[in-house]
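Student: Chains as they are written, first to last, in numbering that gives the first Met the number 0: chain G, 0 to 434; chain S, 0 to 208.
Watch out, some of these pointers could steer you wrong.
Stated by the list, open to error - Below, simulated SDA-like cross-link-like pairs (lysine to any residue); rule was C-alpha separation at most 25 Å, straight line: (1) G:K163 to S:A22; (2) G:K163 to S:L114; (3) G:K163 to S:L183; (4) G:K163 to S:D115; (5) G:K163 to S:H112; (6) G:K163 to S:R111; (7) G:K163 to S:P23; (8) G:K405 to G:H334; (9) G:K163 to S:L110.
Because the hints were derived from the structure by calculation, they are not lab data.
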Amino acid sequence: MSDTGGLAAPPAVTYPTVYAPPAAPLAGTDLDPPLRALDRHCRELSEGMREAGAAVDRDPDAIAGLLHLPAVGFQAQGSLPPEYRDTGAHPAGPVQASASSLGWAVTAERLAYGDAGVLLACPGPSLSGLAVEALADDAQRTAYYERVTSAPTWTFFGLTEPRKGSAAMELETSLAPDDDGTLVLNGEKRYVGTAARAQTGVVFCRRAPGPWGIEAVLLDTAQQGFEAELLPMVGLRGARISHIRLTDLRVRPEQVLGRHRPPSRRGLYGALHVLYRGRPGIAGMALGVTQAVCDYTAAHRPAMPASARGRLDGVLDRAAALRRLVHTVAGEIDHGVVDVPRIGAVKSRAAALAEETTLLAAELLGPASLIEHPWLEKAYRDVRAFEYMEGTGAVHRLSVFHGLVKGDLLGSGPVPEPYVTPAGVSARAGGRSAG
Amino acid sequence: MSPTAVPTRPGQQADPAPGVPPAPFGFPRRLDALHAQVLREDAGGPPARRVPSPEGLVLLAAADPDGSSPGRFGLACRPATPEELAVPAPARAAFGAGLLALHCDLVEHTLRHALDHLAARTSGGADLLSRQLVQAGLADAALALLEERAGGPPAGQDALARAHLRLVAAGRTLLRLLGASGFLADGPGGELHAAEIAANVYAHPGTEG
Ligand SMILES: Cc1cc2nc3c(=O)[nH]c(=O)nc-3n(C[C@H](O)[C@H](O)[C@H](O)COP(=O)(O)OP(=O)(O)OC[C@H]3O[C@@H](n4cnc5c(N)ncnc54)[C@H](O)[C@@H]3O)c2cc1C
Chain G
0 MSDTGGLAAP PAVTYPTVYA PPAAPLAGTD LDPPLRALDR HCRELSEGMR
50 EAGAAVDRDP DAIAGLLHLP AVGFQAQGSL PPEYRDTGAH PAGPVQASAS
100 SLGWAVTAER LAYGDAGVLL ACPGPSLSGL AVEALADDAQ RTAYYERVTS
150 APTWTFFGLT EPRKGSAAME LETSLAPDDD GTLVLNGEKR YVGTAARAQT
200 GVVFCRRAPG PWGIEAVLLD TAQQGFEAEL LPMVGLRGAR ISHIRLTDLR
250 VRPEQVLGRH RPPSRRGLYG ALHVLYRGRP GIAGMALGVT QAVCDYTAAH
300 RPAMPASARG RLDGVLDRAA ALRRLVHTVA GEIDHGVVDV PRIGAVKSRA
350 AALAEETTLL AAELLGPASL IEHPWLEKAY RDVRAFEYME GTGAVHRLSV
400 FHGLVKGDLL GSGPVPEPYV TPAGVSARAG GRSAG
Chain S
0 MSPTAVPTRP GQQADPAPGV PPAPFGFPRR LDALHAQVLR EDAGGPPARR
50 VPSPEGLVLL AAADPDGSSP GRFGLACRPA TPEELAVPAP ARAAFGAGLL
100 ALHCDLVEHT LRHALDHLAA RTSGGADLLS RQLVQAGLAD AALALLEERA
150 GGPPAGQDAL ARAHLRLVAA GRTLLRLLGA SGFLADGPGG ELHAAEIAAN
200 VYAHPGTEG
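Bound conformation, chain G alone (with noise of 0.2 Å):
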């Protein structure tokens, strides 16, 4: 395209050796002794994390060279039931405190403060996993985690689509029987992370008109009529996110995730269920990369002005405030109490933070730290993905006017009715199950 200006070859990226994640538990928590313990655990298992994510921010396939990093195999366990989890490789006690949606929470905060890119390459259930729990029966919930635990296997959770992401319900992804009866699956999904390198994934899809008509499907992605290719990413590159295209695939009946329930406790049911308990984790994740940016510009500019520490300060304060309430979404979920409007309000103040915090970094860091600070250039980049990741702030901001309206998100009204959404799904339900 252009001359290289004199330039020699790039150097390969290396950050600061120096890395120090605070020790005590994070402002704003308020943990019991076994989530203290694996919020220690997870602070050890992060060490490393960042020049794992400095390779894979240059080539996110990089994470296949680096499953031998202990946060890789850990980040997982907490997501399988008990008896497929590696007891060999992993203390019970962290795995056990991981499994809930508030252990997540503090697990991903963690790790991410590490590196967020690295937590979302790695081989595991994540949101399929959620599917598989909330909807699949017990052949189908067998041969999913025999499939997940024989080797490292990277699983997507497809539902946004290149017509509809906001609008998911809209989905347009058919599931048909063809002229011998058989369901065949046609359509395409943009933006889902891993489908490209996944060996199985869920694909939300409709049998139907209406919410109801919606069915989740669990693919093996060696299928015919399974295509996916990976899109470039702005930053957290890790999460690969692809574009899928379903041509006349054909899905068994044993594929059909939770064919044994109602059309009500199905493919909707399930997409709602995975996204308001993946929310905390993605909070989780925004306020580990927050928390980063600031230890990582007061290391930097220790000598920092007044006015300039007041205002990282103030992220700190935002970032305190936001962990506690993530803590109580979080914990909430794992006490069957969905409050939806409060669950997407702190994913997407997180994220929001996030973006705040790397924009003032790059400004207290000096002139060319976008340059000079390549960990912070990263990081800069990876926090926007935080904004999409299930749900836009746009479509949060009004579940909360819809919240505030209609109960008690400030928490002086009166006791909220289990949230329902307009459409009369029921969205209180278990946490993220320990099996």
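Mind docking chain S with the ligand on chain G? Use the hints.
Tutor: What follows is chain S with the ligand alone, placed relative to chain G:
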């Protein structure tokens, strides 16, 4: 909030082709053209010299799609040569004003793309352009642009830096409105990132906090 109908814009597509990235603005190429224009080296081909930043760095077009950032976004940074460090103040000021104008043009390009993109996406039977939250975001970005262009050339490095920061905010608003398509490297998300790096190198607000 009920959708507010908007008149169809000329050239609006009925059905977006989401796999096709929007027409590129070409920020790195235009950055090099600005270097050439200011240093009167626009005889074609890349300029031999570039304008240095106040700290003595040079940012130029140099794509490295498989490399690290900022090469992936079409940019490279190197120390200025002694010849470049001798570029006089008026040329540096002209470059500063030109870079701000380029940033404005890129935000406008993104705004126009966002209008088309959102007009072609539907939710609840209406296009996204008819949502008032979306309209407010687009209007805010347009107002920021209007204000920047009305302000005239910023007096001094700090004023220049403040103007870029306002444009960064407007650009981010638009990228949020583009949904995940605003996070693709081969679209406005990648180009605006390149512009943000350029502002960070050439027009930094200083370190007084
Ligand atoms: C890193 C990353 C990972 C992702 N991983 C996955 C994944 O694993 N699986 C998956 O299925 N998807 C995934 N996504 C996609 C994500 O869920 C969508 O980007 C998100 O739902 C928004 O959809 P959209 O991008 O199509 O934006 P759109 O829905 O097109 O929205 C465009 C703009 O309009 C606004 N808007 C939309 N509707 C309204 C409304 N009613 N009122 C007001 N404003 C509105 C939005 O806030 C946004 O600003 C991922 C995205 C990213 C960036």
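Student: Compare the structure with each hint and give your call.
Tutor: Hint-by-hint comparison with the structure:
With a CA separation close to 22 Å, the supplied pair K163 of chain G and A22 of chain S stays within the 25 Å bound. A hinted pair counts as satisfied when its Cα atoms are at most 25 Å apart, and K163 of chain G with L114 of chain S qualifies at roughly 17 Å. At roughly 17 Å between alpha-carbon atoms, K163 of chain G and L183 of chain S fall within 25 Å of each other, so this suggested pair holds. With a C-alpha separation of about 16 Å, the suggested pairing of K163 of chain G with D115 of chain S holds against the 25 Å cut-off.
Pair hint K163 of chain G plus H112 of chain S holds up; C-alpha atoms about 18 Å apart against a cutoff of 25 Å. The straight-line distance between the Cα atoms of K163 of chain G and R111 of chain S is roughly 21 Å, inside the 25 Å bound, and the hint therefore holds. For the hint linking K163 of chain G to P23 of chain S, the alpha-carbon distance of about 24 Å falls within 25 Å, and the restraint holds. Distance restraint check for K405 of chain G and H334 of chain G: the Cα-Cα separation of roughly 22 Å lies within the 25 Å cut-off, and the hinted pair is therefore satisfied.
Note on K163 of chain G and L110 of chain S: the hinted pairing holds, with a Cα-Cα distance of about 21 Å set against a maximum of 25 Å.
Going down the numbered hints, you'll see the structure goes against none, and every one checks out.
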